[in-house]
Amino acid sequence: MRLLFPAATALGAVAIGVAHYLAFVHVPMESTMGAVQRIFYFHVPSAWLFYLGALLCFGASLGYLINRKARWDAFAHASAETGLVFGLIVVVTGPLWARPVWGVWWNWEPRLTTMSLVLLMFAAYWVVRAFGGPGQGVRRFAAVLAVFAGPSIYFVRVAVNRWGGVHPPAETASRSDDVIKLTMYTCFFLLLFVFGLLLRIRYRAHRDALTVRAVRRRLARLGGI
Amino acid sequence: MSPTPSPTVRTRGLGRLYDDDYALVGLDAEFPGGTVTALLGPNGAGKSTLMGILSTLMRPSEGEVRYGDVLHDDPMARALVGYVGHRTMLYRPLSARENLRFFGRLYGVLDLDDRVDRLLAEVGLTRDAERPAGDFSRGMAQRLTIARALLPGPSLLLLDEPLTGLDRDGVAMAVRLFGAERDRGAVVVMASHDLAATGDLADRALILRRGRKAYEGPVEGDLAVLYRDVLGGEAAA
Amino acid sequence: MTEARPPAPRPPRTRAPGYTRTVLIVLAKDARTELRSKQTLATMLLFGLVLTFVYAFGFVSDPATNKKVMPGAMWGALLFAGTLGVGRTFAREAEDGAFGALVLSPAERSAILLAKIAVNVALSALVMVVVVPLLAVMLRVDLTDCAGLIALQLLLGAIGFAAVGTPLAVMAVSARFAEVLLPIVVFPMVTPVLIAGVKGASVALGTAIETDPWPWLQFTAAYGLVFGAGGLFLFERMVTE
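Chains as they are written, first to last, in numbering that gives the first Met the number 0: chain A, 0 to 224; chain B, 0 to 236; chain C, 0 to 240.
What the hints contain is simulated information worked out from the structure, not anything from laboratory work.
Model, not experiment: these values are computed from the prediction.
Just to be clear, a hint being listed does not mean it is correct.
Stated by the list, open to error - SDA-like mimics (lysine to any residue), calculated; alpha carbons at most 20 Å apart, straight line:
1) 37(C) - 91(B)
2) 68(A) - 239(C)
3) 37(C) - 92(B)
4) 37(C) - 148(C)
5) 37(C) - 133(B)
6) 68(A) - 17(B)
7) 68(A) - 202(B)
8) 212(B) - 218(A)
9) 68(A) - 123(B)
10) 212(B) - 202(B)
11) 37(C) - 94(B)
12) 66(C) - 15(A)
13) 68(A) - 14(B)
14) 67(C) - 143(C)
15) 37(C) - 130(B)
16) 180(A) - 15(A)
17) 37(C) - 25(B)
18) 68(A) - 58(B)
19) 68(A) - 25(B)
20) 67(C) - 180(A)
21) 67(C) - 161(A)
22) 66(C) - 210(C)
Claimed, not checked - Quick list of simulated restraints, FRET-style, between CB atoms:
23) 208(C) - 134(B): 29 to 35 Å
24) 11(B) - 160(A): 53 to 59 Å
25) 124(C) - 87(A): 35 to 41 Å
26) 42(C) - 116(B): 55 to 61 Å
Heads up, the beta-carbon is just placed ideally off N, CA and C, and yes, glycines get one too.
My request is simple: use the sequences and hints to build the entire structure.
Below is the structure:
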C-alpha cells in the first residue's frame with residue numbers, strides 16, 4: 000500500500016508522456032488547421048477537467064455548508080486548486096491556437112469568454128482561501144462563493160452566448176474524424192488520471208494541515224507551545 | 000422563591016468538532032431554572048464553544064441541547080436566550096435607547112417603552128439614554144449590552160465575560176441584576192475570570208477540562224478553592 | 000444573601016414579529032443609522048460623482064460615440080458604487096459584532112438578509128438617480144425617450160447585484176482584507192448582470208442591432224430571482240458556525 004501512491008505518480012508521468020505522443024506523433028495532421036490543431040488534444044480535455052474541478056468544488060462546498068465537516072471543505076479547496084491548474088492550461092493554449100487560426104489572440108468567442116469568467120471566479124475563490132485567513136468564517140465565505148458560482152456559470156454562459164451573437168459560431172474540432180475524436184478522449188482519460196493525482200495530493204495537504212492545527216491546539220491546551 | 004422557574008436546559012452527548020478535533024466531547028450537563036452556574040476551565044477547555052452552542056450561534060457536531068421542550072435547532076430556541084458576549088454587539092450611530100428599542104422590536108417585547116425605561120434606569124444609563132453608543136466608554140457600553148441581553152426577559156441568560164470593562168460600581172450592579180434574573184427563575188450561565196464576583200453569584204459550577212466535564216455540581220464554600228481542587232495544577236491557566 | 004432585595008422583576012410579555020415586520024424593523028434601523036451617520040450614502044454618492052468625471056474624461060467624444068459609451072458608463076458606476084455600498088453596510092454590522100445580536104434574535108434570519116438586500120438596492124438606486132442624469136448631461140445623451148426603460152433596467156440590475164453582493168459581503172466580514180476581496184469576488188459573478196444591463200441599455204438607446212429590450216430584462220430578473228432565493232434559502236447555514 001505504501002508504494003501505491005509513488006507507483007500511481009510514476010504512472011501519471013507516463014500518462015502525460017503517452018498523451019504527448021498521441022497528440023504530436025500518433026494522430027495524423029488535421030487538414031485545414033495544420034499542426035496547431037494538435038493543441039486541442041490538451042486544450043479541450045483541460046477545459047472539461049476545469050469544469051470537473053468546479054463541479055466537485057461546488058458539490059463539496061454545498062456539502063460543507065450542510066454538514067460542517069472540515070474534510071469536505073478541504074476537498075472543495077483541493078478541487079478548486081486542481082481545476083485552476085487545468086483552467087490555466089486552457090487559457091494559455093487557447094490564444095496560442097487562436098492566433099494562427101483566427102489571426103487574433105482573443106476574439107470574445109463565447110466559450111472562451113465564459114471559460115475566462117468562470118476561471119476568474121475560481122481564481123477569486125483561491126485568493127480568498129490563500130489570503131483571507133484560516134478561520135471558520137473564511138471557510139464558510141469560500142463555500143458560499145463556490146455554491147454561488149454554480150448558477151453563475153449558467154447565467155454567464157447564457158449572457159455571453161447572447162452577447163456574442165454578432166460573432167459567427169466558433170469552428171472547433173467538432174466536425175473531425177474518428178481518429179481525432181478517439182485521441183481526444185484518450186487524452187482526456189490520461190489527463191483525468193493526472194487530475195486525480197493532483198487532487199489527492201492537495202486534499203492530503205489540506206487534511207494534514209487540519210491535523211496539524213488540531214494537534215497544536217491540543218498541545219496548547221496541555222500548556223505546551 | 001420564584002413562582003415559575005424556567006425549564007431546565009439540558010445537553011446530551013454534546014460534541015463539537017473544529018478542524019477534525021473535538022473542542023467539546025460528549026457533554027451531559029444540566030442547567031436548572033433559578034440557578035446561576037459558573038462555567039469554568041482553562042483557556043481552550045471548551046467554554047466559548049459551549050457558550051456558542053447554547054446561544055444557538057454555533058451548531059453542535061454531535062448530541063443535542065434542550066431548552067425545556069425546545070430543541071436547539073428549533074428557531075423558537077433563540078427567543079429564549081439572552082447573550083452577553085465578548086463584543087458589545089451594539090450599533091454605534093444609534094443612541095442607547097434606540098439600540099434597546101431596535102432589539103426589543105425584534106424580540107417583539109410588548110410595552111417596550113416602559114421596559115426600556117426601566118432597564119436603562121437599572122443599568123444606570125438613564126441620563127445618557129439619548130447619546131450614541133459610539134460615544135460610550137467600554138464600561139457604559141457593557142452596561143448597555145447587559146440591558147440588551149435582559150430586555151426580552153430571557154429564560155436562559157448566557158454571560159461570557161460579562162464584567163469586561165466595568166468599574167467596581169458596575170460589577171456590583173451587574174451582580175445584582177444577574178441575581179435578580181436568577182430570582183425570577185431564569186437559567187443563568189456565567190463564565191468570567193473574576194472568580195470572586197462569580198463566586199458571589201454561583202450556586203452551581205460546571206468545570207471543563209480539554210473539552211470534557213471535570214466537575215458539575217453545587218458550589219459550597221469558596222469557588223476558587225473548588226476550582227483549584229478540581230483542576231489541580233491546571234487551574235493556573 | 001437575599002436580604003433587602005427588591006422583588007424579582009417579572010419578565011416582559013413578548014410576541015415575536017412576523018416576517019414582513021422583521022424586514023421592516025431591520026430596514027427602519029438601517030435607514031435611521033444611515034440618516035444619522037450619512038457615511039455610506041455620502042461615500043457612495045461621491046464615488047459615483049468621481050466616476051462620472053472619470054468616464055467623461057475617458058470617453059467623451061462625438062455624439063454618436065457618446066451614445067454608445069453611455070450604457071457602459073452607467074453600469075460601471077452602478078457596479079463600483081454598489082460594491083462600495085454592500086461592503087459599507089456590513090462593516091457597520093461587524094463593527095462591534097452587532098450582527099451577532101441580530102442573528103441571535105428570534106427574528107427569521109432570512110428576513111434579515113432580505114432587509115439588507117433592500118437597503119443595498121435603495122442605496123444604489125439613490126446613487127443612480129444622481130449619477131445617471133449627470134452622465135447624460137456630461138456625455139450629452141438624450142435619455143428622455145427611454146428614461147423609464149433605463150430606470151427599470153437599472154433597478155432590476157441593482158436587485159440582481161444586491162442579491163449576490165449582500166450575502167457575500169456578510170460572509171466577507173470574517174475574512175482578512177475583506178474590502179479588497181469583496182470586489183474580486185463579486186465582479187466575475189455579476190458579469191451576467193453587467194452584460195445584460197449594457198446590452199439592454201444600448202437597445203434602449205437604439206445603438207444595438209436588436210430592438211427588443213425584454214429578453215435582457217427577463218434575464219436580469221431571473222438572475223436576481225435565482226440568487227435572491229438561493230441566498231435566502233442558504234442564509235441560515237451561512238450565519239451559524
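field: Straight-line alpha-carbon gap residue 37(C) to residue 92(B), limit 20 Å
entry: Roughly 10 Å between the alpha carbons, so the hint for residue 37(C) and residue 92(B) holds.
message: Hinted pair, alpha-carbon criterion (20 Å max): residue 37(C), residue 133(B). Please report holds or violated.
response: holds, 15 Å
message: Between the alpha carbons of residue 68(A) and residue 25(B), is the straight-line distance 20 Å or under?
response: Holds, at roughly 18 Å.
query: Taking only the CA atoms, is the gap from residue 37(C) to residue 91(B) under or equal to 20 Å?
result: holds, 13 Å
task: Starting from residue 37(C), check that the Cα of residue 148(C) is at most 20 Å away, please.
output: Violated. Residue 37(C) to residue 148(C) sits at ~30 Å, over the 20 Å cutoff.
Residue 68(A) paired with residue 123(B) [C-alpha distance capped at 20 Å]: Judged against 20 Å, a Cα distance of about 45 Å means the pair is violated.
query: Are the Cα positions of residue 212(B) and residue 218(A) separated by 20 Å at most?
result: holds, 19 Å
query: Hey, residue 68(A) versus residue 202(B), does the alpha-carbon distance stay inside 20 Å?
result: Roughly 37 Å between the alpha carbons, so the hint for residue 68(A) and residue 202(B) is violated.
query: CA of residue 66(C) to CA of residue 210(C), is that 20 Å or under?
result: Holds: residue 66(C) and residue 210(C) sit about 16 Å apart, inside 20 Å.
query: Between residue 68(A) and residue 239(C), is the straight-line Cα distance small enough, at 20 Å or below?
result: Given that 20 Å is the threshold and the Cα spacing comes to 14 Å, the pair holds.
- prompt: Is the Cα-Cα distance between residue 66(C) and residue 15(A) 20 Å or less?
  reply: violated, 52 Å
field: Range agreement (Cβ of residue 87(A) with Cβ of residue 124(C), hint 35 to 41 Å)
entry: With Cβ atoms ~39 Å apart, the hint holds.
When the structure is compared with the earlier hints, violations turn up for hints 4, 7, 9, 12, 17, 20, 23 and 26 and for no others.
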